[in-house]
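A.B. asks: Protein chains in written order, with the working numbering: chain A, 1 to 422; chain B, 423 to 844; chain C, 845 to 1266; chain D, 1267 to 1688.
Please keep in mind that the hints were generated in silico from the structure rather than gathered at the bench. Any given hint could be a false lead.
Said to hold, decoys possible - Far from chain C by the CB rule (all over 10 Å, computed), these chain A residues: (1) Ser6; (2) Ala72; (3) Gly85; (4) Gly127; (5) Asp157; (6) Thr265; (7) Met307; (8) Glu343; (9) Pro350; (10) Gly378.
As the list claims (entries may be wrong) - The calculated lysine-lysine pairs, modelled on DSS-like cross-linking and capped at a C-alpha distance of 25 Å, are: (11) Lys1495/D / Lys1159/C; (12) Lys315/A / Lys737/B; (13) Lys1680/D / Lys225/A; (14) Lys1581/D / Lys1069/C; (15) Lys657/B / Lys225/A; (16) Lys1501/D / Lys657/B; (17) Lys1069/C / Lys647/B; (18) Lys1680/D / Lys1613/D; (19) Lys737/B / Lys229/A; (20) Lys1159/C / Lys1491/D.
Just so it is clear, CB atoms sit at the ideal spot from N, CA and C, and this is done for glycine as well.
Protein chains: 4
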Amino acid sequence: MSDYSSQLIEQRRILHQWPEEGWTEFWTTAYIVEKLRSFGYEVLLGTKIINPEQVFGRNVELVEEGKKNALARGVSEELIAEMEGYTGAVGLLDTGKEGPTTAFRFDIDCVCVQETANADHKPNKEGFRSQHNGFMHACGHDTHTSIGLTLAKWIADHKDELKGKFKIVFQPAEEGVRGASAIAGSGILDDANYLFGSHISFMADSGEIVVAPYGLLCTSKFDVKFTGKPAHAGKEPNAGRNALAAACNAVVQMMGIPRHGGGMTRINVGTLRAGEGRNVIPTHAHMALEVRGETSSINDYMTEQVMNIVEGISKGFDVTYEVSQMGAAVDFTNDKECSDIIENVAKTVPSVNKIIPDGNFGGSEDYSVLGRRVQANGGKAAFFICGADRAAGHHQGTFDIDENALQTAFDMYKGIVEKVNK
Amino acid sequence: MSDYSSQLIEQRRILHQWPEEGWTEFWTTAYIVEKLRSFGYEVLLGTKIINPEQVFGRNVELVEEGKKNALARGVSEELIAEMEGYTGAVGLLDTGKEGPTTAFRFDIDCVCVQETANADHKPNKEGFRSQHNGFMHACGHDTHTSIGLTLAKWIADHKDELKGKFKIVFQPAEEGVRGASAIAGSGILDDANYLFGSHISFMADSGEIVVAPYGLLCTSKFDVKFTGKPAHAGKEPNAGRNALAAACNAVVQMMGIPRHGGGMTRINVGTLRAGEGRNVIPTHAHMALEVRGETSSINDYMTEQVMNIVEGISKGFDVTYEVSQMGAAVDFTNDKECSDIIENVAKTVPSVNKIIPDGNFGGSEDYSVLGRRVQANGGKAAFFICGADRAAGHHQGTFDIDENALQTAFDMYKGIVEKVNK
Amino acid sequence: MSDYSSQLIEQRRILHQWPEEGWTEFWTTAYIVEKLRSFGYEVLLGTKIINPEQVFGRNVELVEEGKKNALARGVSEELIAEMEGYTGAVGLLDTGKEGPTTAFRFDIDCVCVQETANADHKPNKEGFRSQHNGFMHACGHDTHTSIGLTLAKWIADHKDELKGKFKIVFQPAEEGVRGASAIAGSGILDDANYLFGSHISFMADSGEIVVAPYGLLCTSKFDVKFTGKPAHAGKEPNAGRNALAAACNAVVQMMGIPRHGGGMTRINVGTLRAGEGRNVIPTHAHMALEVRGETSSINDYMTEQVMNIVEGISKGFDVTYEVSQMGAAVDFTNDKECSDIIENVAKTVPSVNKIIPDGNFGGSEDYSVLGRRVQANGGKAAFFICGADRAAGHHQGTFDIDENALQTAFDMYKGIVEKVNK
Amino acid sequence: MSDYSSQLIEQRRILHQWPEEGWTEFWTTAYIVEKLRSFGYEVLLGTKIINPEQVFGRNVELVEEGKKNALARGVSEELIAEMEGYTGAVGLLDTGKEGPTTAFRFDIDCVCVQETANADHKPNKEGFRSQHNGFMHACGHDTHTSIGLTLAKWIADHKDELKGKFKIVFQPAEEGVRGASAIAGSGILDDANYLFGSHISFMADSGEIVVAPYGLLCTSKFDVKFTGKPAHAGKEPNAGRNALAAACNAVVQMMGIPRHGGGMTRINVGTLRAGEGRNVIPTHAHMALEVRGETSSINDYMTEQVMNIVEGISKGFDVTYEVSQMGAAVDFTNDKECSDIIENVAKTVPSVNKIIPDGNFGGSEDYSVLGRRVQANGGKAAFFICGADRAAGHHQGTFDIDENALQTAFDMYKGIVEKVNK
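Required output: the full structure, derived from the provided sequences and hints.
C.D. replies: Shown next as structure tokens:
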């Protein structure tokens, strides 16, 4: 086993033991930063890579807890301070030779799932189970992070043979499609000539590469709060402003947003918490909702309808409202140049036995936000799937993947670098 | 039978044969005008007694049809022109002697009810059935008009024994509480020291006078129109603006206007007509609604909620709206001075055998708008019930009343004039 | 010009002058019957070709008016009686030689559109404008009928050269997809080995044939009536049962029927008429609605949701309901054998200059119901488009088509007969 | 200070320090039981006085916590076991002489309010502040309990001078009007000839007695749960059954329950908790609601409408439901005989300086359920207010009352016993 091979597995298993949810990955970020610096990278943190105005779904209390956990696990106060409250990191390496700026994106957060206690579960058998109760790398981002770090090492090791610049993005909060907009909004990728990203497993098995998955769904996530005025429900219901009734009517109207002739739409008000007591006119209501659309413009149509409804309800029920965006992903199509690179590299990777040109992703990935940003600035971008056998579906406590796939993914990225920067 | 007695019956039966609905009483108005002028009254018409900005629920097509009918029945074009499109009349008589200005109000419109064909029905037996198909004086306004005209005659006949001035108001469009606001708004009653009005039958039988009925309900009537945008319901529902959905959500919200701790409220969307075709996004919706409140301020609360809802729905569904007030009545309490006059007069009227101090009217009457206007200008006002046995309830095709009650009512008014102006 | 050519135009222009809406085509049916009988066809009428239990959207008053109009235009009472109240006709011809039973379907009703008075409009210029005020053959069914009759004549003329049997279906009430289910339900097509149908113009221009249009949408049309109980809206609103409120809540819920993961859905409540008067709790509500689905099973899902909502609302508002199906169409795919025949015939028709393999029909056609019935019984079916230049879009008062297309369509059908039955 | 006087204050202050919410009053019940037994009463507990089928709003987890707390505070396991899980107690005393059965009702639970930390607050100054964090006797039930126990002592002490039997009811869970129905349902009061109860402070100040407060509102409290089926909101929303949407539509409909012509109605959905996650079709919804009516039959009307809506929604949205009654109070009018007794006694109590015949209670009290049960069985019942100055309104953390009122209340009850049983 090569050094890179063992690095891939070791790092992944270390990361697997301390999974952190979106915007709380302080220990994970520290781990990444130390590695990158040890490889010779310049590392950007905090508001250098995060636009605070486009940060979605970040809970301040959880952030503070995340910092505390990181400190308890030995991260220095200085490093935490450097992060300015925002997780994630970007490693920069300049070969000194003229050439393209090539960027890569790896996501680092976990999901809120309890890892199975089943003795047969490989992380249990081999001793790298999550020690963070209620949290688990059940979506494979531990492998993504490890692949990114190993790629960074390889690039640094082979700097002399390469040209151009490298930007390796370790993105926080992909779950809930919360983190990419803040990275994109920082402008850190605006000079990238290429951006590559991938997901492990998901829709393909070990040995398979899906070159250009389609059907990355546009979605916007919002929290809506209505605030009314309390009153005794018996004595003077007229004196209250009923936030619960406002929310319920909003839900009813949102469910009824007209279908779109141009393609698929979705609306879901996933949770509603409203009211304080049985005999009080409800004063507070909090809805978590999401819309989807087959294209960005259809997604925008859904969003606009939601906003109209919220505003109209606010007027009709004389309640105030607050809308917070909690996540965003868009549709995305690989640039052909990049897909060709991926396909050609795949042909050279020994562990790849099947190259699948496309396939329906059928979900949302906020890589799309970064990819579209790069494309908007004249760069080329692509997202591929590196297949991996899995023990159970993503986001389940029994999820685990064939670790051989890390080598495949690493070989893919190494090949891409060689194609673009050699 | 005195001349006044026969006048009462004759006029009533003539009026009964050509009932006209609110704002279309051109023939009825002409009949009143000719009588008043023949008695020596100055007669005011049109915008002298009607403020066009406070005209509620007047349908221009029906107005034109009413004019045509009047012309066909022999009314002169000159007289129609004098009315300026507005029905109703006010007769003025000045005794030339100092004294109070005493006003009376009689309402002249009918209801849209088909008179029964039953041979036993007195108007059928005695040959004064409605000849206006689909319309009937089933609320007794024919008797009100006849009482008013007979009172006018009596006052003119006894002018020398009386002091002060008289204003006898023949109000259009009481049904739907549509007409009084326009009369009030003209200012014609602003100098009245007294205003008396009454209803026949309703809550009392022949021989009974109810001096001060309470529970005249505040109400506001509105028509609301939403206008959206059509689109093919299959091809691109998103391109439409759904006025039907807007209206339905408005109804749902209006039904849910919170009860009022201060007293009774009501809301009814009585009719809704929306949409053009099964497969077209509906573009037009028209609602006829009313609110009620135990007091004016509660009625205002209900109105404000309705307006908020309409505005909010307009925003939420991106449709335009138009609200037209179609009627208004307020709560009303007799001035004690006037109630005392009524009670004292009642004691002197031979056909009165029971004086009832009060009782729950439990409905709306737009006399209230006129009475409150007089009170607001420092005058005194009262509304009483002159009981009458009836063959069936008001607004039914078999409605008919004991004609003896016309004499009782006339005697009451005559007595009031004698008390106030002698 | 051949006899068939002049027959095509003459018949079309006669039919164009007396358009009749669905289920009222008594004169049109009589015209067809007389022609078919004169050509030697056995003609089936009434319940022989119509299953009364699957008749959708038939208005009894309009039916009676249609009969009266037909009598006034010289149709005999005997023929009207033969129709048993149901329009449409099927002509049967047996060559006496063994061979397939080949069926054709032509639809005969018009739309409720006022034909333009514009002098440039060809029917005006050439004197064959609709004389039936408010009705117009603005969808080309006059041409369909004429093509069907001319085909019938040609088959009869060439009977000796042909084998098998012919069933020529003249279907009523295609508009609103109302008539096909009743024809299908009669079983008249259950022995057909082939069924061909077509639409003129629509998505193609003169000289073009679309062999296999896809995207024939599944749809179901329903009328829903709620019946409540009246009550005075002021006195005792609790005593009423509010059909308007029931309907509005039903609309609100129907608009919110969840999207379907399997494909496109649509819902439209196109019209709502509810309530009797402003101050009466509304007792009657009548909704006209339609659902659509990308496939039959998705359409069934929508229908089931609608039915659940209606039933639930009926319970919640204590109102009764009545649901009437007013129309139905399903999705449909040509049998390849038939598409091949169409394509091969098209190659032989001189006026065809472009053969288009497929294209999105994007609407509903109840040919689909007949085609699926034939397929379900083991037959083969297909629907094609015979292109025609048009002056304006379908269903507009200025619609008119290039009459040369009738020859093209006739040649197509003739060619199909020769392919299948020669 | 008499022994009774000091007993009144001492007991109240002990009780004040360990307030327990409804159905968890295990320590309080134990305190009462020990006192009653020491006075010589037979004490009934558990299902002897509680009908489990009419227990409203009892949370099993809180019950278990209440037991644990009581054990921790020294209550014996035997006594807890005797209670059979239900709090409350009834003390029985038979004088052995023929005479009426006289019952009294005192409520014993607290409210979930945090007692103020303000140093000026008397319980803080004098060291009897609540030691049960988050709970407080802020409605005066500590005084009620102490008055009841002192009355019990006095009756026992004076047994020889009295006739008939006594039943002293210590009722749990008055807050939320949850406890009375279970006591009534046990039948324990069915043989009572008299039932007296009272509230301290509330609508009157120290020295005042309100003999017959009116306006005890009928109310029913319900929890409604809808259960649907989860599905991925993006992939197949149609596969879910949306409990949140069901609940929102139920709220919308409930808000719109028609007003009642017979009197005041109220509806409030006070809280709604629904849904599990933003991108999952919501599976669970939980609503806490209440209805009110001016009379029992109007309250029943409201309840019936709510039930119809719940059932209808369940059908329309294909979700299951569960309705739990959480509380009930009815309207109540004192028997004149009892009011006379109260008034006459009040005249003899030295500290009473104002006797108020009636006044609007304007809230709900489940004494009404017990009083009506006694009346239904031929007994006489009454509820009065014993005024007391208060530091702040009821249910506030700064609530405190003038302890002199305990003596007044005790004197009132003593006087009633003397009137009825001497």
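A.B. asks: Now tell me if each hint is right for this structure.
C.D. replies: Hints versus structure:
Non-interface call for Ser6/A relative to chain C: holds, since the shortest CB-CB distance, roughly 43 Å, exceeds 10 Å. Even its closest Cβ contact with chain C, about 44 Å, leaves Ala72/A beyond 10 Å, as expected for a residue assigned away from the interface. Once the 10 Å rule is applied to beta carbons, Gly85/A is consistent with being away from chain C; the minimum gap is 38 Å. A cut-off of 10 Å between C-beta atoms confirms that Gly127/A is not in contact with chain C; the least separation is 41 Å.
With 10 Å as the threshold on Cβ separation, the claim that Asp157/A sits away from chain C holds: the shortest Cβ distance comes to roughly 47 Å. At the 10 Å boundary, the C-beta of Thr265/A falls inside the reach of chain C, the nearest C-beta of that chain being 6 Å off. Chain C leaves Met307/A outside its interface by the beta-carbon criterion, the shortest separation being 18 Å against a cut-off of 10 Å. The claim that Glu343/A is not at the interface with chain C holds, since no C-beta of that chain comes within 10 Å of its own (minimum 31 Å).
Residue placement check: Pro350/A keeps its beta carbon more than 10 Å from all beta carbons of chain C (closest about 39 Å). Against the 10 Å criterion, Gly378/A stays outside the reach of chain C, whose nearest CB is about 35 Å from its own CB. Between Lys1495/D and Lys1159/C the CA atoms are separated by roughly 22 Å; this keeps the pair inside 25 Å, and the hint holds. For the hint linking Lys315/A to Lys737/B, the alpha-carbon distance of about 8 Å falls within 25 Å, and the restraint holds.
As the CA atoms of Lys1680/D and Lys225/A are separated by approximately 55 Å, the hinted pair breaks the 25 Å bound. Restraint check: the Cα-Cα separation between Lys1581/D and Lys1069/C comes to about 18 Å, which is no more than 25 Å; the hinted pair holds. For a cut-off of 25 Å, the pair hint linking Lys657/B to Lys225/A is broken: about 34 Å separates their Cα positions. In summary, the hint linking Lys1501/D to Lys657/B is supported, as the alpha carbons are separated by about 23 Å, within the 25 Å threshold.
Proposed proximity of Lys1069/C and Lys647/B is supported: the alpha carbons are some 23 Å apart, at most 25 Å. Distance check on the hinted pair: Lys1680/D and Lys1613/D sit about 13 Å apart at the alpha-carbon level, within 25 Å; holds. Proposed proximity of Lys737/B and Lys229/A is supported: the alpha carbons are some 22 Å apart, at most 25 Å. Taking the CA atoms of Lys1159/C and Lys1491/D, the gap is about 18 Å. The hint holds against a cut of 25 Å.
The structure fails hints 6, 13, 15 (numbered hints given earlier, in ascending order).
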